[in-house]
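**Student:** Residues per chain, in single letters:
Number of protein chains: 2
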Amino acid sequence: MDKILRINVGADGGPEFKTEPLGDYAGLGGRGLTSAIVSKEVPPTCHPLGEDNKLIIAPGLLSGSAAAMSGRISVGCKSPLTGGIKEANAGGQPSQMLGRLGYAAIVLEGKPKAKSLYKVFINKDGVKISEDNSMCMMGNYDVVDKMKAEYGEKIGVISIGPAGEQKLAGASIAFSDMELRPTRHAGRGGVGAVMGSKGIKAIVVDDAGCSVRSPANPDAFKAANKEFVAGLRKHPVSGEGMPAYGTNVLTNVINEAGAYPTKNFQWGQFDGCEKISGETQAETENARGGEGSATHGCHRGCVIRCSGTFYDKDGKYLTKQVEYETVWAHGGNCGIDDLDAIAQLDRLDDDFGLDTIEMGATIAVAMEGGVAEFGDAEAAIKLVKEVGAGTPMGKILGSGAAVAGKVFGVERVPVVKGQAMPAYDPRGIMGIGVTYATTTMGADHTAGYAVGSNIMGTGGKTDPLSPEGQAELSKNLQIATAAIDSTGMCLFIAFPLLDQPETFQALIDVINGFTGASLTADDVTELGKSILKNEREFNAAAGFTKKDDRLPDYFKKEPLGPHNITFQVSDEELDQVHNY
Amino acid sequence: MDKILRINVGADGGPEFKTEPLGDYAGLGGRGLTSAIVSKEVPPTCHPLGEDNKLIIAPGLLSGSAAAMSGRISVGCKSPLTGGIKEANAGGQPSQMLGRLGYAAIVLEGKPKAKSLYKVFINKDGVKISEDNSMCMMGNYDVVDKMKAEYGEKIGVISIGPAGEQKLAGASIAFSDMELRPTRHAGRGGVGAVMGSKGIKAIVVDDAGCSVRSPANPDAFKAANKEFVAGLRKHPVSGEGMPAYGTNVLTNVINEAGAYPTKNFQWGQFDGCEKISGETQAETENARGGEGSATHGCHRGCVIRCSGTFYDKDGKYLTKQVEYETVWAHGGNCGIDDLDAIAQLDRLDDDFGLDTIEMGATIAVAMEGGVAEFGDAEAAIKLVKEVGAGTPMGKILGSGAAVAGKVFGVERVPVVKGQAMPAYDPRGIMGIGVTYATTTMGADHTAGYAVGSNIMGTGGKTDPLSPEGQAELSKNLQIATAAIDSTGMCLFIAFPLLDQPETFQALIDVINGFTGASLTADDVTELGKSILKNEREFNAAAGFTKKDDRLPDYFKKEPLGPHNITFQVSDEELDQVHNY
Numbered sequence: 000m001d002k003i004l005r006i007n008v009g010a011d012g013g014p015e016f017k018t019e020p021l022g023d024y025a026g027l028g029g030r031g032l033t034s035a036i037v038s039k040e041v042p043p044t045c046h047p048l049g050e051d052n053k054l055i056i057a058p059g060l061l062s063g064s065a066a067a068m069s070g071r072i073s074v075g076c077k078s079p080l081t082g083g084i085k086e087a088n089a090g091g092q093p094s095q096m097l098g099r100l101g102y103a104a105i106v107l108e109g110k111p112k113a114k115s116l117y118k119v120f121i122n123k124d125g126v127k128i129s130e131d132n133s134m135c136m137m138g139n140y141d142v143v144d145k146m147k148a149e150y151g152e153k154i155g156v157i158s159i160g161p162a163g164e165q166k167l168a169g170a171s172i173a174f175s176d177m178e179l180r181p182t183r184h185a186g187r188g189g190v191g192a193v194m195g196s197k198g199i200k201a202i203v204v205d206d207a208g209c210s211v212r213s214p215a216n217p218d219a220f221k222a223a224n225k226e227f228v229a230g231l232r233k234h235p236v237s238g239e240g241m242p243a244y245g246t247n248v249l250t251n252v253i254n255e256a257g258a259y260p261t262k263n264f265q266w267g268q269f270d271g272c273e274k275i276s277g278e279t280q281a282e283t284e285n286a287r288g289g290e291g292s293a294t295h296g297c298h299r300g301c302v303i304r305c306s307g308t309f310y311d312k313d314g315k316y317l318t319k320q321v322e323y324e325t326v327w328a329h330g331g332n333c334g335i336d337d338l339d340a341i342a343q344l345d346r347l348d349d350d351f352g353l354d355t356i357e358m359g360a361t362i363a364v365a366m367e368g369g370v371a372e373f374g375d376a377e378a379a380i381k382l383v384k385e386v387g388a389g390t391p392m393g394k395i396l397g398s399g400a401a402v403a404g405k406v407f408g409v410e411r412v413p414v415v416k417g418q419a420m421p422a423y424d425p426r427g428i429m430g431i432g433v434t435y436a437t438t439t440m441g442a443d444h445t446a447g448y449a450v451g452s453n454i455m456g457t458g459g460k461t462d463p464l465s466p467e468g469q470a471e472l473s474k475n476l477q478i479a480t481a482a483i484d485s486t487g488m489c490l491f492i493a494f495p496l497l498d499q500p501e502t503f504q505a506l507i508d509v510i511n512g513f514t515g516a517s518l519t520a521d522d523v524t525e526l527g528k529s530i531l532k533n534e535r536e537f538n539a540a541a542g543f544t545k546k547d548d549r550l551p552d553y554f555k556k557e558p559l560g561p562h563n564i565t566f567q568v569s570d571e572e573l574d575q576v577h578n579y
Numbered sequence: 000m001d002k003i004l005r006i007n008v009g010a011d012g013g014p015e016f017k018t019e020p021l022g023d024y025a026g027l028g029g030r031g032l033t034s035a036i037v038s039k040e041v042p043p044t045c046h047p048l049g050e051d052n053k054l055i056i057a058p059g060l061l062s063g064s065a066a067a068m069s070g071r072i073s074v075g076c077k078s079p080l081t082g083g084i085k086e087a088n089a090g091g092q093p094s095q096m097l098g099r100l101g102y103a104a105i106v107l108e109g110k111p112k113a114k115s116l117y118k119v120f121i122n123k124d125g126v127k128i129s130e131d132n133s134m135c136m137m138g139n140y141d142v143v144d145k146m147k148a149e150y151g152e153k154i155g156v157i158s159i160g161p162a163g164e165q166k167l168a169g170a171s172i173a174f175s176d177m178e179l180r181p182t183r184h185a186g187r188g189g190v191g192a193v194m195g196s197k198g199i200k201a202i203v204v205d206d207a208g209c210s211v212r213s214p215a216n217p218d219a220f221k222a223a224n225k226e227f228v229a230g231l232r233k234h235p236v237s238g239e240g241m242p243a244y245g246t247n248v249l250t251n252v253i254n255e256a257g258a259y260p261t262k263n264f265q266w267g268q269f270d271g272c273e274k275i276s277g278e279t280q281a282e283t284e285n286a287r288g289g290e291g292s293a294t295h296g297c298h299r300g301c302v303i304r305c306s307g308t309f310y311d312k313d314g315k316y317l318t319k320q321v322e323y324e325t326v327w328a329h330g331g332n333c334g335i336d337d338l339d340a341i342a343q344l345d346r347l348d349d350d351f352g353l354d355t356i357e358m359g360a361t362i363a364v365a366m367e368g369g370v371a372e373f374g375d376a377e378a379a380i381k382l383v384k385e386v387g388a389g390t391p392m393g394k395i396l397g398s399g400a401a402v403a404g405k406v407f408g409v410e411r412v413p414v415v416k417g418q419a420m421p422a423y424d425p426r427g428i429m430g431i432g433v434t435y436a437t438t439t440m441g442a443d444h445t446a447g448y449a450v451g452s453n454i455m456g457t458g459g460k461t462d463p464l465s466p467e468g469q470a471e472l473s474k475n476l477q478i479a480t481a482a483i484d485s486t487g488m489c490l491f492i493a494f495p496l497l498d499q500p501e502t503f504q505a506l507i508d509v510i511n512g513f514t515g516a517s518l519t520a521d522d523v524t525e526l527g528k529s530i531l532k533n534e535r536e537f538n539a540a541a542g543f544t545k546k547d548d549r550l551p552d553y554f555k556k557e558p559l560g561p562h563n564i565t566f567q568v569s570d571e572e573l574d575q576v577h578n579y
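Heads up: the sequence lines are chains A and B, in that order. Each step along the first sequence adds one to the number in numbering that gives the first Met the number 0, with nothing skipped, and position 266 is 265. Each step along the second sequence adds one to the number in numbering that gives the first Met the number 0, with nothing skipped, and position 391 is 390.
With the rest of the complex left out, here is chain A (with noise of 0.2 Å):
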């Protein structure tokens, strides 16, 4: 995993590509590697669907090795829905096999000189890319099997939907998964919009013929990661709630909390949360004769599980079994408490390539604007088909809860750096509020997810309710964070490893035992760090300064209920969280 493939797509007679050697980047992967291409090749203040914007795809260090966990895969660029630098973070297979296949990154680059769609296929032989234009505004789900049809049941899909071709700021980029199917999504930031933008509808990876990644001391590299996994079988989070009832067990938890957003942010708890909680779900996907939740990863190499198939009333497969957040923005976040309901929204949402955190809050947003009623699925489902349809009504809702809120005329808009919160109120858990409000990300819960201490204690308790000690708590998280996003580990492994200092320690010696290093814990924050950096510089030159480091007025103004309470972490506060 020694290589970059670069496209560019502004060549005159089409994409031409060229391979090189990592050079300056080597040692970097995934979030490490996105975000250092982006600082260093992209000017800060180019529009986002322009020559200038870079679109990265990189499998993280340990990808394509036999690390457990170690399949996510990073998306970099200049971000169309926030202007500042991003990150997206998708499982499914791909970033298994294009380690693999020896490439670190895809960078596509440029600007097509003429309004084509292209595929792009990579395999042990090299990349062959090729125009099509049948797949012109084709939903992911015709995609993928369109491409199976072509190279093969052993392949996996990176590809586009509508919305990224119509480059919209909500759409996303879907990875397929372990059923070849696109279900799993670099959703954030409109990361779609900017693949749509280089003309680029579907990458295609098949790395039959290669092996898994050799570590550099296979023993130690064993041992250790035999310890690692062990470590998160035992912790009841990663071990237990998550394979039971994937992460939908959130549902009644944070409801619990008063801290669920409910109805556009309006309320902290939804009474229709017993309905499309994680235990419900799993209960109708076991009924429905699936094989139910707690047997399923979303790529090889898992070992959480997290991941199910959600079935209709027939029996007969709907998508994926439906992830907390997106259950809470279609369900709770626009007051609908109807699973299936929910289920054919996420279909929708995977189908056309769109980030259901940022759809379902954009909704809410409309719905608040009048557009509709909250509660009503189906005027839902209709709005979310007009974005497949490319309809003005679906480029508005496709460009994400901000710009809803504008062309709506809408106060409540719950957005940072104009991208909408997901599924836990700053105000009921006032650590997920430092995050939201600092990230370089906008909005973001993994991008530092101090829910886990707020709520569940993991790393030691902190008070929901209290600013005490919050800018600290996501100040460490999102450097741990950035850290993680750099191995292509899964994020969930940090239930375990904050916990479990044995645990920690087995995923170290696992990066050693595999590249030959000897890190440290404090080179890990040192790499955390480093990264946060590059992106807070990138985001400070392309214009954002501290006033953008903050949650929009009301949620300091309009108390929260249950609880009654508003975000009380002072601005002061905020602006240290980045002081290291």
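Just so you know, the hints here were simulated from the structure itself, not pulled from any lab data. Heads up, a few of these hints could be off.
Same chains, same label: a pair holds when it works inside one copy or across any pair of copies.
Claimed, not checked - With a cut-off of at most 35 Å between alpha-carbon atoms, the simulated DSBU-like pairs for lysine-lysine come out as follows:
1. Lys-532 to Lys-147
2. Lys-528 to Lys-546
3. Lys-147 to Lys-315
4. Lys-546 to Lys-39
Model the placement of chain B on the given structure of chain A, informed by the hints.
**Tutor:** Below, chain B alone, put in the same frame as chain A:
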């Protein structure tokens, strides 16, 4: 003119008002007053459509007096379009009337408890506010007719159309003209949306029984005014060009200079220019049997008389003589060379309450995004009608060019601080580019009209195609403009003022004769600086930095034909403009 009318729209039973003395604001008028109130009373980070924003309508210091040209009015608020401070300036009758009624400002504040529309009636006996939901989504022409039926023919009307009610960021506020038609608009920055957010549909003023405001020193005032008027009449621009052809005299001039933004700023000259020029327009108006041009001011006391009336092919009133900026925005910028179509678009904008500059710029961006073909006048009319009808497409377009650019995935969006550029390409007239970039208002030609010096040589000639001296020029003009915008004087007095020192002195004598003060030219400069300082501080507190004082990157990268030149004023020079 020593009192402020404050209307609190958030009272339980509907809007309540009180009248209070000017207090700390004594001595301020027009833009000086609106910007002072916004600076002092509006939290810079508040939501523009929320409870904390205020809408201030303020006649100038001389409005209501017998001073020539003193009928301009300022509207201030935090702008929904730019997110910064806003002063939008309009002609029409209400300024003189409010001055005579003794009101230095009307302030709308608070947030309505219920969704109702109100009208405000102000005469010598006081203020009456009444609910009137029959005007819901009514166009400005019907609103004025209705108010005329209710309050008689001698009123002035300040109103919003469907765009303001929809709280669209392109919404204007209409001020009725001498014929009691809603043709003069505080157009820019979405001030109509703020009025809409306050639930006030119309403010009707009737100055019957009020006298012209008396000067402190009648003889000195009268003599100075006479000298001032003589100065205006002898200058070729204010005395000949503008009365003969209106502002549209500029079409040929700017086109000839190669700085006429054509088809969304793709080129600097327009093939169809001759068909929509001021000369052709005047000929058309005269041929259709109206009173023609050259006879008409937008308010009593105007001696330049650049306005006129546009009749349709059947000799029926259609709209006012269309202004240069509008002819450009809906004409050349959209590739449209049909004067009747452009006049129809102007009429629709006035009726719906839309900024013609923002609308034309937005339709051109939409055309570049594939929504319609450049040059398709019928499509443009249909698109503007969608704004009035409140369709999703209409809501996109009514939200302005920046939003349309996002929604339609367009890269070339000619905005600064979110506000669309007017009718001068900053590559072909670099001085105006400095003003677009650095004014507190977002791209705005009126904030520092460097076109005068660059093209016409007003106040000394500068080369439009060279960066040299442009920053200094724009700086001085911005300072002078802020002062003039405080007097209630029409900005077109600037041509003689800059060329004829005796006319500038006459204006100062008019002010001193009226107020009894003894201002010098330096005091006027200090007033301008202090206003700009207030405005800059507000914007900084709202989050603006020097990165916001920039043109979009493409003006520095894409040369404009036929001169094949890019914008060349350096960032360092831009950053010096407000260094005083």
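**Student:** Each hint needs a verdict: does it hold in this structure or not?
**Tutor:** Outcome of the hint check:
When the C-alpha separation of Lys-532 and Lys-147 is checked against a cutoff of 35 Å, the pair qualifies neither within a copy, at 41 Å, nor between copies, at 63 Å. Proximity of Lys-528 and Lys-546 under a CA criterion of 35 Å is satisfied in both settings, with 21 Å inside one chain copy and 26 Å between copies. For the homomeric pair Lys-147 and Lys-315, the shortest alpha-carbon distance inside one copy (21 Å) is at most 35 Å, but the shortest distance between copies (66 Å) is not. For the homomeric pair Lys-546 and Lys-39, the shortest alpha-carbon distances inside one copy (25 Å) and between copies (20 Å) are both at most 35 Å.
The structure fails to meet hint 1 from the earlier list, while all remaining hints are met.
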